[in-house]
Amino acid sequence: MRPNHSPEYVQSDNSLDVAPPYFFPNVDVQGFVIEADLKAVQKYCDDFLNLGTREERGFEYRAVPAWPFAQLLFLHYPVMISAAPDVVKGGNGRDSENPIPSSNPDFIVPMADRGTTSQNEVFAAIPVMRYGVGPKGLLVESELEWILPFIVVDQPWSCVCGREMLGLGKMMSRIDIGPGYLPGSFLGEVHMPGWDGNSPEMQHDLPFLYVQTGPALPTFRATEPLKSLATAFQAKPVRWALEKIAGLSNFVDDASLGLVPTTMQTVALKQYRDAVDPECAVYQALVGCRSKYSEISNLDFYDERDIWVMFNYVGSFREAVDVILGDELKKPLVVYPELDKTVSITGRMAKVVGAFKFSANVDFDDMRVLHEFDIRKDRKEGGHGQVLKRGSSDLTARWFRPLKGFFGPRPMP
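Position one of the sequence shown corresponds to residue 0 (numbering that gives the first Met the number 0), numbered consecutively onward.
Don't take each hint at face value.
Cβ pair distances, simulated, as ranges [to be verified]:
#, residue 1, residue 2, range
1, ARG53, THR116, 36 to 46 Å
2, TYR180, PRO134, 54 to 64 Å
3, TYR271, SER141, 27 to 37 Å
4, LEU143, PRO178, 29 to 39 Å
5, GLU200, GLU163, 28 to 38 Å
6, GLU55, ALA274, 18 to 28 Å
7, SER117, ALA274, 20 to 30 Å
8, ALA82, VAL9, 14 to 24 Å
Subject to a maximum C-alpha distance of 27 Å in a straight line, what follows is the list of computed BS3-like cross-link-like pairs (lysine-lysine) [stated by the list, open to error]:
#, residue 1, residue 2
9, LYS356, LYS291
10, LYS350, LYS329
11, LYS269, LYS291
12, LYS350, LYS330
13, LYS350, LYS42
14, LYS42, LYS356
15, LYS42, LYS269
16, LYS38, LYS350
17, LYS135, LYS329
18, LYS350, LYS135
19, LYS38, LYS269
20, LYS329, LYS42
By construction, these hints were calculated from the structure, which means they are not laboratory data. In this text, a Cβ means the ideal position worked out from N, Cα and C, and glycines have one as well.
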């Protein structure tokens, strides 16, 4: 049921946006667990999630000390399908006798009938914890969610839908995914628009990310002592057991200690810039959605010692890299592939602690606005003047949502 305060969305046949939920079968996933800088993660939370004062918003996001890692995922979607119901103007649409009412001017092409597409996608995901304020808020409004410091796609439809519906800051890029130099290996590259530095120049296509792996386990190193969780999965009985019951997402979560992300509840800042005063926003909200992996198959692990994960640490890319790795260089920069070492050395290596690949069906659902921020007249000055638009919150944790009606007033049907 549509909330009373929400106006009906005006849909156009020639619009690129497609309403959620979405279903993506047989997605190929390449995942890399890399070390993250918790101070940088907390700074991201303070800059993009903890807006205003803690008392005003009623929550606080913090980095998770027990998990100082980021998930770097390369995904290939062979088929992308909208699972949304028919969208019709005026209540007149298809029926069994007239499935295509071309004479009806109010008819809008159903989302599921708009065809399918495919894409490549790359993003980094880091867990953060939302804590409610006060004893009650701490109990029923605290939840683990995932931030996405960067997410890039090579499909315009996905870019538009990700920004408009999911609140994800998707950017268009060129993503090359394929086999590596050795049998059973992987090679992934990302190029996207950026600037080399702070000097005046035109934005141009630059390499951003380079990932190269060795073959999946077991490899020629199989006789060496186990040095990580990933290498432990080279044992055939363990891999066989995982493959047989990998459809049980909870088991995969537990058995891999979080290396394989079967469910992610994301949080992102969705905002629209004020055209009259471009330094201000006319709308700001934290929005969330759930990505769920099911029917997991072909689960394999890489030896993390055979993996290169390298960012092009230059110009406008530095901010995105710093959110994950921090702004303190712990190791010297190296030569980035494809770039002339006589020009500059800009490759920044990430430390890989685990890597895997699998195939799965992916669902995107449970989209909701977690918190709308107040829009104030003197927002730019940080003051507390006239409220132009009062915000609202829906921060109840997922585990408590089915019980919420038993502990408070229930809405009238």
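Each hint tested on the structure:
1. ARG53 / THR116: 36 to 46 Å: Cβ of ARG53 to Cβ of THR116: about 42 Å, so the range 36 to 46 Å holds.
2. TYR180 / PRO134: 54 to 64 Å: holds, 57 Å
3. TYR271 / SER141: 27 to 37 Å: holds, 29 Å
4. LEU143 / PRO178: 29 to 39 Å: Between LEU143 and PRO178, where Cβ atoms are some 35 Å apart, the hint holds.
5. GLU200 / GLU163: 28 to 38 Å: holds, 30 Å
6. GLU55 / ALA274: 18 to 28 Å: holds, 26 Å
7. SER117 / ALA274: 20 to 30 Å: Given about 35 Å between the Cβ atoms, the range is violated.
8. ALA82 / VAL9: 14 to 24 Å: Distance hint for ALA82, VAL9 holds at roughly 22 Å.
9. LYS356 / LYS291: holds, 16 Å
10. LYS350 / LYS329: Measuring from Cα to Cα gives roughly 11 Å; hence the hint holds.
11. LYS269 / LYS291: holds, 21 Å
12. LYS350 / LYS330: holds, 10 Å
13. LYS350 / LYS42: Distance ~21 Å between LYS350 and LYS42 Cα, so the pair holds.
14. LYS42 / LYS356: Distance of about 31 Å is beyond 27 Å: violated.
15. LYS42 / LYS269: holds, 18 Å
16. LYS38 / LYS350: holds, 17 Å
17. LYS135 / LYS329: violated, 42 Å
18. LYS350 / LYS135: Distance of about 39 Å is beyond 27 Å: violated.
19. LYS38 / LYS269: Holds. LYS38 to LYS269 sits at ~23 Å (cutoff 27 Å).
20. LYS329 / LYS42: It holds: about 19 Å lies between the C-alpha atoms, which stays within 27 Å.
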